[in-house]
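Chains as they are written, first to last, in numbering that gives the first Met the number 0: chain A, 0 to 157; chain B, 0 to 102.
To be clear, the hints were calculated from the coordinates, so they are not data collected in a lab. Incorrect hints may appear among the rest.
Computed spacing ranges between beta-carbons, pair by pair [to be verified]:
#1 A/S114 / B/A34: 22 to 28 Å
#2 A/D47 / B/N13: 38 to 44 Å
#3 A/E48 / B/E98: 20 to 26 Å
#4 B/G12 / A/P89: 18 to 24 Å
Derived lysine-lysine pairs resembling BS3-like cross-links, with alpha carbons at most 25 Å apart [unchecked claim]:
#5 B/K31 / A/K93
#6 A/K93 / B/K18
#7 B/K11 / A/K93
#8 B/K5 / B/K18
Ideal Cβ positions, reconstructed from N, Cα and C, are used throughout, including at glycine.
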Amino acid sequence: MTTTYSKGISRRGWLRWTVILSAAVALPGRVWAAVARPEAAFGATALDEALAALGDAPQVHEGIQFTTPDIAENGAVVPIRVGVDAEALPNVSKVSVLVEMNPNPLAASFDIPPSTEVYIETRVKVAQTCTLYAVVEADGQLYMQSRETKVTLGGCGG
Amino acid sequence: MAGRIKIRAQKKGNVTEVKALMRHPMETGMRKDQAGDPIAAHFITEVSVFHGDQPVMQGHWGAAVSANPFLGLRFAGGEAGDTVRVVWTDNQGGTGEGETTIR
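Extracted from the complex, chain A is given alone in its bound form (with noise of 0.2 Å):
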């Protein structure tokens, strides 16, 4: 197959543009532009696949005060927490969650509108003992935390 694109826009640049304006399509009227679901990035089936799907490299980012249980009993329910420091990282619109050994590791994405607190937290399932990252993003820039989480008991329950 043999694709041609336009020149000066890269392929990602283009893949971006096509999910923007797909989205400013499909949701007339919407204030919050900011709703595309990023469906390469949940399609991924390996960590760097997905981080790649989001965006340029992440930096690792202090500001971002990233929780999970250093031992989860049952990797089906591990209680997660993503918080930001608005000072040390301000502008922040979009918070991604990973598990690096899950089958599909991008788990959740929240779009997070400016009078929102940069502070989510859910429960997610960890197939096995691995790296869990927090990854966000501000003024289109990627940073992000991590943190092992050890699994007694899988997340996909046998």
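With chain A fixed as given, assemble chain B onto it according to the hints.
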């Protein structure tokens, strides 16, 4: 199949803290039943939280969010008596909705 959501919204200083508990199996599609047949994927894909008619968060979920999902968040503003609404849709076209007032 419309699911109910338990929600609590509480004003703490300048922020409103929302906690929502949804009822949903969150099947990954990778498990098999006792007969060895695969169980169809069934999970919440989109969840939105509104303060009045203003969106305060939109979540995109994969199957890796735990069954009967819990979601906690905080937004600025909000007064006692304001409504907070949580709406979800799943990959099989199901929806769920819950509403509460800020305390």
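Do the hints match the structure? See the list:
1. A/S114 / B/A34: 22 to 28 Å: Hint violated: Cβ distance 50 Å, outside 22 to 28 Å.
2. A/D47 / B/N13: 38 to 44 Å: holds, 40 Å
3. A/E48 / B/E98: 20 to 26 Å: Since A/E48 and B/E98 have Cβ atoms about 38 Å apart, the given range 20 to 26 Å is violated.
4. B/G12 / A/P89: 18 to 24 Å: Holds, at about 20 Å.
5. B/K31 / A/K93: At roughly 34 Å apart (the allowed maximum being 25 Å), A/K93 and B/K31 break the hint.
6. A/K93 / B/K18: Holds, at roughly 19 Å.
7. B/K11 / A/K93: holds, 24 Å
8. B/K5 / B/K18: holds, 8 Å
Hint violations for this structure: numbers 1, 3 and 5, all remaining hints satisfied.
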